[in-house]
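K.L.:
Below, each chain spelled out in residue letters.
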Amino acid sequence: MLKNLFYNKKVVPWIFITPFLLFFTVFKVWPIVYSAYLSLHEMSGLNTSNFVGLQNYFEVFSDSDFLKAVWNNTKYMIGTMITLIPIPLIFAVLLDSKHCKGKNIYKAILFIPTLTSLVIAAAVFKILLYEGEAGIINTIIGLFGFSPQKWLISPYLTIPSVILIATWRWTGMNLIYFTTGLTGISQELYESASIDGANMLQRFFYITVPLLKPIIIFVATLNLIGGYKLFTEVFMLWDGGASPGKSALTMAVLLYRTAFSYFELGYASTIGFVMALIILILSLIQLKITGFFNEEE
Amino acid sequence: MFLSSIKKVLVLSVIIIFGMLFTVSSVSAQTEMDMWTFVNAHAEFYEMMAENWNQENPDRAITLNTQVLPFNQMHDKLNIALQTGMGAPDIVDIEIGKFPGILENNAETLVDLSSVIDEYRDDILEARLAPYSTPDNKVYGIPTHVGTYLMYYNVDMLEEAGVSIDDIETWDDYLEAGKKVSKDTDGDGENDQFMLAVPSEEASAFDGMSRQLGSNYFDQDGNVILDREENIRTLKRLKDYVYKYEIADVVTDYHEQNFYNALNNEKYASIFMPQWYMIRFTDFMPDLKGKIRVRPLPAWPNGEGTLSTMGGGTGTAVTQEASDVELAKEFLAYAKLTREAGVKIWTDLGFDPIVTDAYNDESFQEKFPYFGNEKVMLTIQDLQSEIQPLYFSDLLTRLRDQLNEETLYEIFENGGDVEKNIKEAAEKLRAEQ
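Going line by line, the protein sequences match chains A and B. Under the numbering used here, think of the first position of the first sequence as 1, with each following residue one higher. Under the numbering used here, think of the first position of the second sequence as 1, with each following residue one higher.
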């Protein structure tokens, strides 16, 4: 009987995936379903709930803190697009060049930050970005004649400070993506372009960039998603995310606070859903514009 | 045969005796209690008090297992434990800012301590219970200290400017003194020595002055009163100190190395903070030894308000999950409300206790070389009668975030309009009520 069951081609696959399905349902599907339920309720703590329909969703779009958070996330996301695509790309091309010696050492140096714990990295940057004249980054910019900056205090510098950390941390990772992409580009293309008289810049813009497009789209999509999910750096740099003038308040920090400081799990779930929706819509728009879907056809 | 049966009897009796021993010992076993806190020194304090308790009450001895957790983590964990009804400790330290929110969501899982507090009510500063109480007079937390607001003057700087600190009686006198002491030392046209530093990311200066006037965030029923006239007046005065009279500099907060260094380097001639800031002076500002004097806050002109108020705090609570609720309550009262506890809170933790009789202990007569060889604790004792109750609501965390991250920042750092900003903040909070 049992033996028959194990030899039944329709049943066996289900037996094998049951453990996964079970975990997936309990730890992934159920929380999503439950938070969808919560987002339609006004909760006070875990135990009292009040059905309010879509009120939380209407509220979230007129919540000045939420709108501020979306704007801060957007600024951060744009910032990472500006730094985290060109810089790793240039490094990748330079390291791919046959004139470059000790490639692996440079790659390792650039990659090490990716391996660090984000919490520790943020704690270290908090010290580096210290606003006094003795601050390490202030000392460095002082060598170039700049006056000391209030990195973590001035609202204009809070997001740039977070972008600085992101750039330091993710350059190595993106470098790996781009390097992998570069190995897929045939050297013959460069050689024939050279024979036709294309200079280095022309080869970069007319061969490297177009052929790396899928990788660039991939990295840009990761940047976009990461940009809107920003949490740990802000949470660490300003104890619990209390940035000056709410200048670095992000959606995820607002969600965390709403849930665990203000105990409003219903509204926090709504923020979570709207956040996911924003990321989904923007990712789709981005993929559409960059022609990702066309290539699939 | 006979021998072996004797052996059997022997073995059996040994087993029975051991068995009895075990039963007896398990009957008299100490009650285990878990305690969470976010301050190392507090854990040590409670462990010491548990030892004292065990010596005095051998029949009701306890084993106190303290656990020190990071601030946010402990409060989040506690909240989840209380809500799910699983894993909460017997006794827990809850920071004053977190207290109202946790209480609001978990009133039925925390224990009303009124019955044990009643015994001590006449011997303590009762006003200090208000932040941990509900409008129906149930008390859910026992305070650790008073946190008497004090003015810390740098007497050297003031004397150099020709000001005697004992002539400063009102905030107007304080302003006049400030005008003398604040100056441009490096000739760049801007003041770089000030009477005061006003923080833009914490409310301590605003709190001290507005609480003197009996105002602050909430009324007794938990309604938001942030835009009250007294609060507006306080903020306008502080803003004028910064922008109109230039006797005050704007800093982020009073709790970072940068600020300690500035005080230590005599950039600011005074600061007003609760009593526990004394420890910051002695720990972080060694160069000011002998230069600092502790005085009451200047009074508001026209004799309005009081000369001090309370600031900061930790309320210790008992949870319904406690293995022995009554014992936990009694131990907690013993550890914080007896005269002996009051003395230890001063000698071991360095805080001003709420137990009034403790101030008569000789340890409070101590002269502090750091504070000009004065008997600082006696100044504090005199101020106890000035302290009025302070009321909070579960919106406190939200209100603090709003003030620290937006409103105060706008007013002090950007010179924003006081009335407009404070009214906006109050409306925003009322919408959440």
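Any given hint could be a false lead.
Stated by the list, open to error - In silico DSSO-like links for lysine-lysine, alpha-carbon gap of 27 Å or less:
{"#": "1", "chain 1": "B", "residue 1": "Lys375", "chain 2": "B", "residue 2": "Lys289"}
{"#": "2", "chain 1": "A", "residue 1": "Lys150", "chain 2": "B", "residue 2": "Lys291"}
{"#": "3", "chain 1": "B", "residue 1": "Lys267", "chain 2": "A", "residue 2": "Lys126"}
{"#": "4", "chain 1": "B", "residue 1": "Lys428", "chain 2": "A", "residue 2": "Lys126"}
{"#": "5", "chain 1": "A", "residue 1": "Lys68", "chain 2": "B", "residue 2": "Lys428"}
{"#": "6", "chain 1": "B", "residue 1": "Lys375", "chain 2": "A", "residue 2": "Lys150"}
Unchecked claim - Residues from chain A shown here face chain B by an in silico Cβ test under 8 Å; the list is partial:
{"#": "7", "residue": "Glu191"}
{"#": "8", "residue": "Ala242"}
{"#": "9", "residue": "Gly245"}
{"#": "10", "residue": "Lys246"}
{"#": "11", "residue": "Phe263"}
As the list claims (entries may be wrong) - To be clear about the criterion: a stretch of chain A counts as covered by chain B if any three or more of its residues have a C-beta under 8 Å from a C-beta of chain B, and this derived list gives those stretches:
{"#": "12", "region": "124-132"}
{"#": "13", "region": "137-143"}
Quick caveat, the hints were computed from the structure, so don't treat them as lab data. A virtual CB, placed ideally from N, CA and C, is assigned to each residue, including glycine.
K.L.:
Which of the stated hints cannot be reconciled with the structure, identified by number in ascending sequence?
P.N.:
2, 4, 6, 7, 13
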